[in-house]
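Going down the list, the sequences are from chains U and L. Following the UniProt record's numbering, the numbering of the first sequence begins with 1 at its first residue and continues without gaps. Following the UniProt record's numbering, the numbering of the second sequence begins with 1 at its first residue and continues without gaps.
Read the hints as simulated data drawn from the structure, not as lab findings. Please read these numbers as outputs of a predicted model, since none were measured by experiment. Careful: at least some of the hints might be erroneous.
Unchecked claim - Incomplete in silico selection of chain U near chain L, CB under 7 Å:
id : residue
1  : Tyr97
2  : Glu99
3  : Gln115
What the hints assert, rightly or not - Footprint (simulated), chain U over chain L, 3 or more residues, beta carbon under 8 Å:
id : stretch
4  : 33–45
5  : 112–118
C-beta atoms are modelled at their ideal positions from N, C-alpha and C, and glycine is treated no differently.
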Amino acid sequence: MTDFALTTFSSKGKLLQIEYALNAVAKGDTAIGIKAKNGVVLVVEKKQSSILVEESSVQKVSLLTDNIAATYAGLGPDFRVLSQQARKLVKKYDLKYQEEIFVQTLSRELAEDVQVATQRGGIRPFGVSILIAGYDEEGPHLVQLDPSGAYYSWKATAIGKQAKNAKAFLEKRYNADMEIEDAINTALLTLKEGFEGQITPTNIEVGVIRDDHVFRILPPSQVKDYLEELE
Amino acid sequence: MSGIFEYNGGSIVGMKGKNCIAMACDRRFGQQMSTITTNYQKVFKIQDNILLALSGLNSDIHTFYALMEKEINLYNLKENRKMKPTTFANLVASSLYERRFGPFFVTPIVAGLENGKPILATYDSIGCKSDLDDFQVGGTGGNYIYGACEAFFKPDMSPEELEEVIGQSLVSGCDRDSLSGWGGVVYVLTEQKLTVKILKTKQT
Numbered sequence: 001m002t003d004f005a006l007t008t009f010s011s012k013g014k015l016l017q018i019e020y021a022l023n024a025v026a027k028g029d030t031a032i033g034i035k036a037k038n039g040v041v042l043v044v045e046k047k048q049s050s051i052l053v054e055e056s057s058v059q060k061v062s063l064l065t066d067n068i069a070a071t072y073a074g075l076g077p078d079f080r081v082l083s084q085q086a087r088k089l090v091k092k093y094d095l096k097y098q099e100e101i102f103v104q105t106l107s108r109e110l111a112e113d114v115q116v117a118t119q120r121g122g123i124r125p126f127g128v129s130i131l132i133a134g135y136d137e138e139g140p141h142l143v144q145l146d147p148s149g150a151y152y153s154w155k156a157t158a159i160g161k162q163a164k165n166a167k168a169f170l171e172k173r174y175n176a177d178m179e180i181e182d183a184i185n186t187a188l189l190t191l192k193e194g195f196e197g198q199i200t201p202t203n204i205e206v207g208v209i210r211d212d213h214v215f216r217i218l219p220p221s222q223v224k225d226y227l228e229e230l231e
Numbered sequence: 001m002s003g004i005f006e007y008n009g010g011s012i013v014g015m016k017g018k019n020c021i022a023m024a025c026d027r028r029f030g031q032q033m034s035t036i037t038t039n040y041q042k043v044f045k046i047q048d049n050i051l052l053a054l055s056g057l058n059s060d061i062h063t064f065y066a067l068m069e070k071e072i073n074l075y076n077l078k079e080n081r082k083m084k085p086t087t088f089a090n091l092v093a094s095s096l097y098e099r100r101f102g103p104f105f106v107t108p109i110v111a112g113l114e115n116g117k118p119i120l121a122t123y124d125s126i127g128c129k130s131d132l133d134d135f136q137v138g139g140t141g142g143n144y145i146y147g148a149c150e151a152f153f154k155p156d157m158s159p160e161e162l163e164e165v166i167g168q169s170l171v172s173g174c175d176r177d178s179l180s181g182w183g184g185v186v187y188v189l190t191e192q193k194l195t196v197k198i199l200k201t202k203q204t
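This is chain U alone, in the form it adopts within the complex (with noise of 0.2 Å):
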């Protein structure tokens, strides 16, 4: 630990190491979101470096709470860490309220970890994109949290590789009387749009929540149905 901050202004006002972490997201696998009029969808992209690996024990869609999830685009390990920050918080919460967290408050409390590795000193920028989705007292959600600590609330969005090409994809396809079959269908057809090699029940993972706000990570055999009906 040092004492001075190492995310410093330069003399354009810019924070570079914020900027840098950006880069790292923009490198990352992509993730896409799209939040319906019942439910929300997240899907994302879990390519191995070799058909060694195990692909069941890569989890890139974390539970936060029973209706909670969030996906990332960057560094798994930083992920890791947010992950389970996010979860103590979700308790400390019901530990206090015994009440369901908003997903709004979730965003917020976890927004502010990511801001202070900006400005505390000695610790760099967490190096992920976090899409959090979630089904609340409030309805649906989908929220974006970046390194720089910033929230935003989408309708639709995608961060990583393929965010530039799969968000005009999404422009075009989205439209508010969605439902969340037809969410889940858009999100892997996305997905597919910029994905290099074939696309298969095991290279990408898929989490879904309904209004019965129990958020569910499909398992392969549920994904294989849901992309033979995209052919």
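Chain U is already provided as a structure; the job is to place chain L on it using the hints.
Only chain L this time, still in chain U's reference frame:
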């Protein structure tokens, strides 16, 4: 200090009615056998639909109330919404337990209306919440008030009936307890309004 809960004296009572709740307290602020003032507030409106009554050491009554006010205000600003009565009831419990080894010498009662449904919760001084009963008491005159409540209470009373019953119970109890009394205040909360009535008790 033996009987720190008895030092200032005072009694509170909370009751559920049909889509309404009532809370009552005495007005005495004493120091053992002396009476200092007869207009001490012990029931607080935390939100339009939540009342907090506190009995015990007056210093802690005020401090704990101020702490709850701060919590709910910050919550309203941060979460941009009102707090639900059941959530507030839980907040009181966790806030009391936070001071497990240096507690607030208070026994709170929380009463509220959540979507029209009456909520009533009581606690010991370290946050053991109980929300199972339709009426609860607290303070030095508590046991005397219990007697009157058991006799007069019936479920699903209208706001007018509730006001009468809780008022009579409070007065009966406080008149017997030497450390409580010097007037009573009854609060009745319905979806539409909060009525406050000042009662006369035996002036001793």
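**Prompt:** For which of the previously enumerated hints does the structure constitute a violation, in increasing order of number?
**Reply:** Those not satisfied are hints 3, 4 and 5.
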